Amino acid sequence: MTAPAYSKKDFMSDQLIRWCPGCGDYSILSQVQTVFSKLGIRKEKYVVVSGIGCSSRFPYYMDTYGFHTIHGRAPAFATGVKCTNPDLSVWVVTGDGDSLSIGGNHMAHVLRRNVDLNILLFNNRIYGLTKGQYSPTSEVGKVTKSTPMGSLDRPMNPVSFALGSGATCVMRSIDILAPHLRSTIEAAQEHKGATFVEIYQNCNIFNDGAFASFTDKAQRDDRLLFLEHGKPMVWGKTFRKGLQLQGLELVIVDCETAEDEAACLAHDQTSLALAHLLAGLDPDQGFPVPLGTLYKIDAPSYETQFKKQAEASVAKLGAGDLTALLHSGDTWTV
Amino acid sequence: MSNPSPTPERVVVRFAGDSGDGMQLAGSQFTRTTALAGNDLATLPDFPAEIRAPAGTRGGVSGFQIQFASKHIHTPGDEADALVAMNAAALVTNLTSIKKGGLVIVNSDKFGRIDLGKAELETNPLEDGSLSDFVAFQVPISSMTREAVEPFGLNRKHADRCKNFFALGIVYWLYGRSLETTEAWIQKKFQAPFLEANLAALRAGHAFAETAEMAEHQRIVGAADFETGEYRNITGNMGLALGLTAAATNSGRDVFYGTYPITPASDILHALARFKNYGVLTFQAEDEIAAVCAAIGASYAGAIGTTGTSGPGLALKAEAIGLAVMAELPLIVINVQRAGPSTGMPTKTEQADLLQTMFGRNGESPCAVISASRPNDTFEVAYEAARLAVKYMTPVVVLSDGYIANGAEPWSIPDVGSLPAIEFPPAPTDPEGFLPYQRDEATLARPWVVPGTPGFEHRIGGLEKEDLTGNVSYDPQNHEHMTIVREEKLKRLQSALPEVTPFGSDKGTLIVGWGSTYGAIRTVTERLLSEGHDVAHLHLRHIHPFAPNLGEVLGRYDKVLVPELNRGQLTMLLRHTFLVDAECVSKIQGQPFRTTELHERILSHMSSTEVR
Ligand code: SF4
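Keeping their order, the protein sequence lines are chains V and E. According to our numbering, the stretch in the first sequence is residues 82 to 415, in order. According to our numbering, the stretch in the second sequence is residues 3 to 614, in order.
FYI, nobody ran anything at the bench for these hints, they're computed from the structure. Computed from a prediction, not measured in an experiment: that's the story for all the values here. The C-beta atom is built at its ideal place from N, Cα and C for all residues, glycine as well. No false leads were slipped in.
What follows is a list of derived Cβ distance ranges for each label pair:
#	chain 1	residue 1	chain 2	residue 2	range
1	E	D289	V	M82	32 to 40 Å
2	E	E366	V	H310	53 to 61 Å
3	V	A393	E	G114	51 to 59 Å
4	E	P343	V	K226	34 to 42 Å
5	V	A393	E	V418	21 to 29 Å
6	E	G155	V	E392	45 to 53 Å
7	V	G103	E	T485	34 to 42 Å
8	E	E366	V	M230	39 to 47 Å
9	E	H483	V	K226	30 to 38 Å
10	E	G365	V	I98	22 to 30 Å
11	E	P343	V	N186	20 to 28 Å
12	E	N157	V	A393	35 to 43 Å
13	E	L357	V	S352	51 to 59 Å
All chains, please: the whole structure from these sequences, using the hints.
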């Protein structure tokens, strides 16, 4: 069945949205609703699964099938859903605490298994729902209610974590970059297998401006690197810059001419080594923030093979005959 | 000999040897032959705790016990009438479980100085009088086996491997068994030269027993009186796996089994993983939590979500089970209990998770709880769990334990056509006005509308649900109402349960049990009845909710005794629910009740009040 022409409104539920005014979650919700209306997928096929946290309220605001589960476990629930019915378009909405702290284990495993899920990780580098404790992505020294003298733990890099877990598709976008976010969400659905999308999301109540250094309008153009497969990695409005490989490191070079730009390293989204280098770029050291598809390879998705094994078993042994099974092995008649 | 009759009603035989000696194989072969000879039987393997303990040590001893009889029996027996011990460690670790005057056949080749050292023995039990209470036969099993297989050119290691068949040959002769079944099995299983060698060892053992002076110890147990039908041996874990598989084929829904390996439940996964063509999907998750969560996700998507574990795993799954209670989705949770707390004694049995199962979740979160009581009712129990989970849209916890899981007994294979139907809550047809928490009037189950169904898009989750709409609600009255409705749903389930009828007397003492104590309690009850006591046995399958007439039944008796392998958990529930003065007969040693011990303890409880 082909999908009818939907509008964004078709994906807006009747529930009152309870996020704080000004929260970055609003923009993400709006982009997702827009993209869902355009993907050509029938509405009943979408399932949004979430864990616990501000972001995890998401399913209630989508007029689709939705399951708001328990803290950190959304990937496991979603795995059960997708393996039972691979026909569904299953989305996992999670936050940095939900998916990297309490649920880090499940996130690692769902990525390595390559279950065909679209995972949207709203990274606001703080615990919002519990009112402002530091999170596993908070910077060292973060002063919060639970860390009056500053946090001690070194932060986790979500994209490096995903790559290290064996993810087959890793992307990044930002709540306020609406068009880029929409195209990223679309690309997530296109990938067959687990897609990990880190979305920088501003929590204007407990961690306002966490990403301002590269999202403020004034600096944005000089700080963001939009990755395109096969194209040289260059950026900047006032000054054009590009990335080149020197030894095992990426270095910044100034680009004065079109030739200079063409000589920069082209993005190869199939290179795991390059993806790791991009993931590790430190904005505090003057490096740009790479956005878009950092890594994407084709690999068989888990649920497809899961179902194939069942089909192969039927092909080999025939559809199970319960009577025959119960009477198999050593039996005797009285 | 403890049983001087040449045709006793029952015999208990124990095989013991090093893990590498093939004792489980010898035991299972003896079991097959015994079953085909028409005896009733029950078996129990006794695995060493370590996977590969050093050969010849006490820690490496692997045992297998079988009781077989010409009448119906309920347990693998207490003390054995006969022991086959393949080395010094096997002899010393098993001697206390042999009847005085019992038959002991030892492999005398394995009592050298080094063997005794490994078994931590300072003197040789073959010489120091340890065997004076028994009828002992010292048989050089290793060397006689080597001789028997010599023509087939096996190296020493391979030749030694045939010795379990030599021992089995002796035991076959002792109990008048034909070699046919095992010969056919060897022919199917092995290739030259091992085929010939194993056959030769088996026949040599048999011939040896015939020529040795064993004739006066030969015992013949007649066939038991079984109802007609087809039978097979079944372990508790296999019965659960088959019951779930039956639920898949009879419901038309996939059974999704999400689990994480854990002793003693893993064999359920191993069995189900081979039944994919029956609509069984198995998923080995990254941990216990993911296992149950994936199962709940599967239920949400329309499969019968199932997870299996043991006590520590159940603790980890608690929060997710609470979600299934709140979301009102079908879920089966199998808990094959083992001795705790913490890691406890993983290979030993216990029944101490009952209260965890009942109450081990946050909030008021009632689940149905049903319990298997022996290997041959596990099929029915698993199937019933699926039926209840789906019909009432509720989690159902199935309790088994290590003793049921690994024990085996004959099972009358049910007629597939006679299994009760698996009914679903009525499916709504009109998306207009659809309410995800509008309940079926009879069962109070909410509809099971799965993603992919056009027009019925809705959201569920762990936040309290508003009645009917399922929207998030913090309304105080609504929370109380929904809590009571979730409770009431299980009362509806209760009203559809069969009534219970005790076995035995209708007055006097009632012995109430649950789980794997069934065999011991039933055996003791039969004995007490034959001794003239007013006593009855009631074994509970339905623990939450209880059978509708349980309170009334308890009220008929002067005394209620509850033997359990814990410190009084069912006792507590009975006392709380029915205000009866139930007395616990507790044992917590990682071992089942022995019938002699239970008989004694019940008598002492009874003697305080019983007038005879
Ligand atoms: S606390 Fe922060 S993340 Fe949560 S809703 Fe408010 S602004 Fe958004």
